[in-house]
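Colleague: Those protein sequence lines, which keep their order, are chains A and B.
So the first sequence is numbered by UniProt numbering: it starts at 1 and just counts up by one.
So the second sequence is numbered by UniProt numbering: it starts at 1 and just counts up by one.
The set of hints was computed from the structure by calculation and includes no laboratory data.
Possibly wrong hints are sitting among the right ones.
Okay, the calculated bits of chain A under chain B, using three or more residues with CB under 8 Å as the criterion [to be verified]:
hint, segment
1, 105-113
2, 146-158
3, 234-244
4, 296-304
Note that this is a predicted model, so its numbers are computed, not measured.
The beta carbon of each residue, even a glycine, is placed where N, CA and C say it ideally should be.
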Amino acid sequence: MTRFSAFALVKNALTGQKGWEAQWPDSQPKQEYDVVIVGAGGHGLGAAYYLAKEHGITNVAVVEKGWLGGGNTGRNTTIIRSNYLYDESARLYDHALDLWEGLSQELNYNVMFSRRGVLMLAHNVHDVQSFQRHVHANRLNGVDNKWLTPWEAKQFCPILNIDQDARYPVLGAALQRRAGTARHDAVAWGYARGAAARGVDIIQNCPVTAIRRDASGRVAGVETGRGFIRAKKVAVSAAGHTSVVMDSAGVRLPLESFPLQALVSEPVKPCMPCVVMSNAVHAYMSQSDKGELVIGSGTDQYTSYSQRGGLPLIEHTLAAICEIFPTVTRMRMLRKWGGTVDVTPDRSAILGKTPVPGLYVNCGWGTGGFKATPGAAHVLAWTVAKDEPHPINAPFTLERFTSGRLIDEAAAAAVAH
Amino acid sequence: MLLIHCPYCDETLPEAEFAYAGEAHVSRAAVPSEVTDEVWRDFLFYRSNVRGPHYERWRHVYGCGRFFNAVRDTVSDRFLTTYEAGAPKPALTDLEGQK
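Sequences and hints are given; from them, build the entire structure.
Modeller: Below, the structure is given as structure tokens:
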């Protein structure tokens, strides 16, 4: 693997850009691995990277039914923040944010992490009380989050409409300055490159059809479109399809898969310096480095694996965006797409061991998995390597749905997020 | 946009008139105090989340306001049938023929 550096750039510029190699090989499946990870998104590839780098486990395969980073990793709106209410969530997402800050250096790959700040708008008294509670809880947990008046919010994001007669009046906003965005594809590519350089096989176009268990009940391997792959341990990180894959191992999960849509506008000159989210109307917007306005919404109301959603939701989201940012009303939208997100009843992830020995799961990230990518990958690798959860993901068990000890971010935010 | 047939109004109407109401045929225990934590967990939190024909509830909120059941393929989002609440669960084998 060639290291990217200013020297390498100059050298290749002078030699006709012919010195660049493929960043990772197109691996073919071997018969047996120590660890097989199902799903080559950011979480799965990152877990393979940390397994190889921090735990010395390099006989690892990441098996993907489509192409690398082609699921929710390549379909989200790239927002990164950690201002969650509960202690458990704050620790997990802040761990991810800590890793985000050094990720480009760590991977020698520019993931374009930008700490441009995330502004969450309060439109009614309930929002104000709820967000102020979040701000206080975050400060107790060492997570930065600040309450802004409408005028301060407008100074931070000048295209915001703070007219008190607006359809969605802004009564204040919570600002996490350390939050921001990153380039989603680069995250998957950077982890893939780092993992492949340490000996991990990344196998694309290889759907996992079933997880096999031996007579003792332990995991034996995975059945794939390219034959059986034996494995000592299997970690499933398959987002919307997790419950289908886990069902084949006899493990039921409290997940439902919903379509989540996003869309981008035509590219325009820089007009938006931060990310703005509105939980009450469930719309959010930021501007990519290419100049497109990236707009996200809530999930469609019905479960689906179709990776597409309905237009009524897009209409609702854009109506809200036009009220909040009147300057964008005449912009044209270029593309819209959908992903399949796996949502848990308490809107917190399930990350840890399962009742099946040797089988681990990382799922239930719902509509907000991208921001957790490095943190989830890091603690999933720890859990797989040591066969016990890291203290950070220890509360995110499957058992919490039996014991009732939920991490109820659903109640905290009143929406999936 | 989904087009949904309300079995009460006997009309096929846009999705915007309806509200999704989760998986159908999930029944609460007859004597709630006598079942285990696992049964409660299954009732409250576990759903089939099938990739394929899915039994689900809808409510015609901007119409008759009544709940009804539907079978929808979660891969194509095509409705196989809709039927009145309380009616027996139609067998999948009967529905496949109507595709």
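Colleague: Against this structure, judge whether each hint is valid.
Modeller: To see whether the hints hold, each was checked on the structure:
no.	hint	result
1	105-113	violated (count 0)
2	146-158	violated (count 0)
3	234-244	holds (count 3)
4	296-304	holds (count 4)
Hints 1 and 2 from the earlier list are contradicted by this structure; the remaining hints agree with it.
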